[in-house]
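*Asks:* Listed below are the residues making up each chain.
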Amino acid sequence: MFKMLLLATAVLVTAAPARPAGSIVGHVTFRQGPLQKTANRYPTGSGGAARVIEPIPAVAYLVGAFPGGDKAATTAKPRMAQRDTAFQPGLLIVPVGSTVDFPNQDHFFHNVFSYSKPKRFDLGRYPRGETKSVRFDQPGGVSVFCEIHKWMRAGIVVVENPYHAMVDAEGNFRIDGVPPGKYKLEVWHIERGRRTVDITVPEAGSARVNIAF
Amino acid sequence: MSTSRSERGLTFRSKLVLALLGAVAAVLIVALLAVREETGDQITRAIERAATGAQNAFGDFERVRQSQLQRVGAQFAGSNRVPLAFQQALEGDTAFLRDQISYDLGLAGVPSALAAFVDPFGNAIYAQVDGKPLDDPEAAVPLDLLQKLIDGDTAAFGYHRIGERLYSAHPVLLQLVEQPVGFLILGSQVDAVAANAIGQAISAEVCFAIAGVCLAGTPRSFQATLLPHMVAHANRRGTERIEIAGERYAFIAEPFGQNAAGSIVLALPLGDQLAAFDNIQKTLRLAGFAALELALLLAILLSRSLTRPVHSLVAATERVRRGEYNNPVNVITRDELGTLAHAFNEMMHGLLLKDQYRGVLDKVVSREIAEELLKGEISLGGENRLVTTLFADIRGFTPLTQGMEPQRVIALLNEVMACASRIIEDEGGVVDKFVGDEVMALFGAPMSRGDDVFRAARAAVRIQQEIEHLNEERPHDEPPVRFGIGINTGIAVAGNMGSPQRLNYTVLGESVNLASRLCDEAKAGQVLISHDAFINISDRVEASVIGTREVKGFAAPVLIYELVSVADPTVPALAH
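Going down the list, the protein sequences come from chains D and X. The opening position of the first sequence corresponds to residue 1 in my numbering, with each subsequent residue numbered one higher. The opening position of the second sequence corresponds to residue 1 in my numbering, with each subsequent residue numbered one higher.
By construction, these hints were calculated from the structure, which means they are not laboratory data. Heads up, a few of these hints could be off.
Stated by the list, open to error - Interface residues of chain X toward chain D, partial, derived using beta-carbon atoms under 7 Å:
no.	residue
1	51
2	84
3	120
4	179
5	180
Stated by the list, open to error - In silico EDC-like pairs for lysine to aspartate or glutamate, Cα to Cα no more than 20 Å straight-line:
no.	chain 1	residue 1	chain 2	residue 2
6	X	433	X	318
7	D	117	X	99
8	X	523	X	562
9	X	523	X	568
10	D	77	D	137
11	D	184	X	91
12	D	117	X	91
13	X	148	X	138
14	D	132	D	176
15	D	117	X	562
16	X	282	X	38
17	X	148	X	62
Ideal Cβ placement from N, Cα and C applies to all residues, glycine included.
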C-alpha cells in the first residue's frame, strides 16, 4: 500500500521544472498526548488475528497558489477504493479541483463521509461495484471515514501547488525545487490535525524547520 | 351503735359501680394503648417501607436511565461521527459539533440530555442541555467522574449539579480509530419524572435536595405548604411527623449520590395508614363508651338487686331491734342473700318464740324471777337458804261460793288472787303457786332483799286491808272474802323441781310446812306468824302472843303470834 502512495505522489513531484530553487528540510515531532492509544479493538470478521491499522503519514505542503504551480496533476483521475475494509490508498494528495472516485470493491456496503472543513460530504452507503465521486475544490487536509467500518479512514490532502512532501516514519521530510520566497508551510496529520509555520526559502540551499505536534 | 356512711367508706353500690366501670375502663385503656402502639409500629413499618421503597424505586429508575445513558454513550463511542464532530469543535467549529450531537441525541431519543465534551487535557470544549449550549461548559464537567473513567471505570455514574438542575452523569471516552480524542459526559436530568416515578412507587411526595435546595420533585412537593418542610428536612436524618393542612406526613430524608451529597426527601402521607387505626380507635371509643354505660346500668341493676334485699334485711334488723318479730323479710331471690334472709327469718321466728316465752314466763313467774332466770344469774339447781314463806287462804271459800255462777267464782277468785299477787310482788315477794283458793308466796328466794320477813309481814297486813277494801266495793249481796295468812321463816330447800319438761321453782321444808300450818290456824282476817318470824321483826311489828299450839307434823308445840301492825305509817294496823 505504501508503494502505491509513493506512486501517486511521484506523478506530481516529477512535474516540477528545473529553475533556481531551494529546498525545505523539516522534522516533525509527535509528542505523546495525554491519552494513550488504546488496544486494537477491531477483530476481523473471520475471527482471526486482530486487524492491524496501517499508520497514515503526515503531509507537509506549502499554502497558497502561486505561478509555476503544475497543472499536470489534473490529467490524472485520482481514485480511492474501498477494499478489504480499508481505503486504498490510505493517503491521497490531489490538486484543488480534483474529483476523486470512491469505488466499492468489497462484497459489502461501505459508506464514505468526511466532516473536515475543506470538504464535508457523505456519500451514504453503497454496494460493491458502485462508484461515487467527490470534487475537492478547497485546499487542506480531509479525513475520510466509513461509518460502517469505523477503523477505515484515509487522508486526502488537497493542494494548490506542487510543493509538498510526505513525512517519513522518522518524522523527516524534504521539499526540493521551491522558488525562493516567503511561504506558509502546513503539516497535516489525520489524527493530530495541522500546524502552520512561516518559512523563507533561500535562493540556494535549504530552509530548515521543526514542527511539533 | 349507728355506723355512718363516711365511717363505712363507700356503699356497696358505689363499690360495685366503681369496680365494673374500672374493669371496663381498664380493658378499654389497654385496648386503646394496644391500638396506639400498633399504630406506632405500623407507621414505623410504613416509614421503613417508604424509605427502602424510595431507594429501590430510585435505584430502578436510575438503572433504567443509566442503562439508557450507557447505551447512548456506547453508541456514540462506537460511532466515528461524534468523535469526528468533536474534532471539528477542537479546530474551532463548535457549531458543527452542536448540530451533530443534537442530531445524534435526538436520534437516540434523549434530545434534552446533558452532553459535555472535554479535550484530552481536561478542558471543556462544548456543553449543552436541552439542545442549548451552556455559556460555561466547565460547569458541566464532573472532574471526579472523568477521573473514574481514566482510572478504568467505563461504567462510572455520578450526580452532578448544574445551576439549579441535577444530572445523573456518565462519562464516555471518545476514540477515533483506537486513538482517544477526548471525553463526552452524558447526563440525564434527575427531574420531576424521576420524582414522580418514586412518588408513584411509594405513594409519597418526593424531592431531590442538595445543599438545602430542592432541585426537582413531584409537583405537589413544590407547593408552598410542603416545600419549606421538605427543604428543612433535607439535611436531617431520621423521620419527623408533621400535620400540614389537615394531612399528616412523615418526612424522611434518604441519602443519594457520591458521599451522600444529596437527599431524596420524602413526604409520606400517613392518612391511609392512620385512617384504619383511627377508625379502630373511634369504634373502640364508641364501643368503650357503650360498654361503660352498659356496665353502669348493669352495676346499678345488680347492686339494686343486691342492695334491695340488704335494705330489707337492714329494715328487718331495725324492726327486730325495736322488738317487732312478726314481720318476716320478703326476699324471694335464691342466692346467698335469699339464704341469709331465710336464716334471718328463722332467727326472727326464734326471737318471736323467745319473746312469747318471755311473756309467758313473765306471767307465770314474777318479772323479777323471770329476769333473773333469763340473766342466768340464779342457780336453780337446789340450795338450802333462808326463806320466808307466806300462805294466804280464803276462809270458807267453798260455802262462800255456793250458789254462785262458776264464771263468777273464777272472776272473784282471780280478782282476789290478783290483788294478793300484786301486793306480794309489790313487796318483793314471789308468788310461788296458787293452789285452789290458796296462794303461796316466797320472800328471800330466789333472791333475798335483806328484810324479807318484814316485807312478808307488811304484805300480809296489806293483803288483809286491800281485801277488806275490795269487800266494800263488791256487791253487798255477796258475802265478804277474807284471808287467813300464815308466815314463817326458816331454812328450806329451794330449786327447780319437777320433770325436765316442766320445772317449777319452789321451796320445800319444815319451815314451809309450818307456814302452811299457821295459815290453816289463822282465822279470817288474821295473820299468824311463827316465833322465828316474830324474833326477826319484833322491833318493827306489833304482835300479840297467842300461845303455843300443837301443830300437826311438829313434835313440839309451836309458839304463835298474831300480827297486829307493821312499822310503816302508810300501812294501818289490822282491825280486831
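*Asks:* Checked against the structure, which of the hints given earlier come out wrong?
*Replies:* Hints 1, 6, 9, 14 and 15 are the ones this structure does not satisfy, whereas the remaining hints hold.
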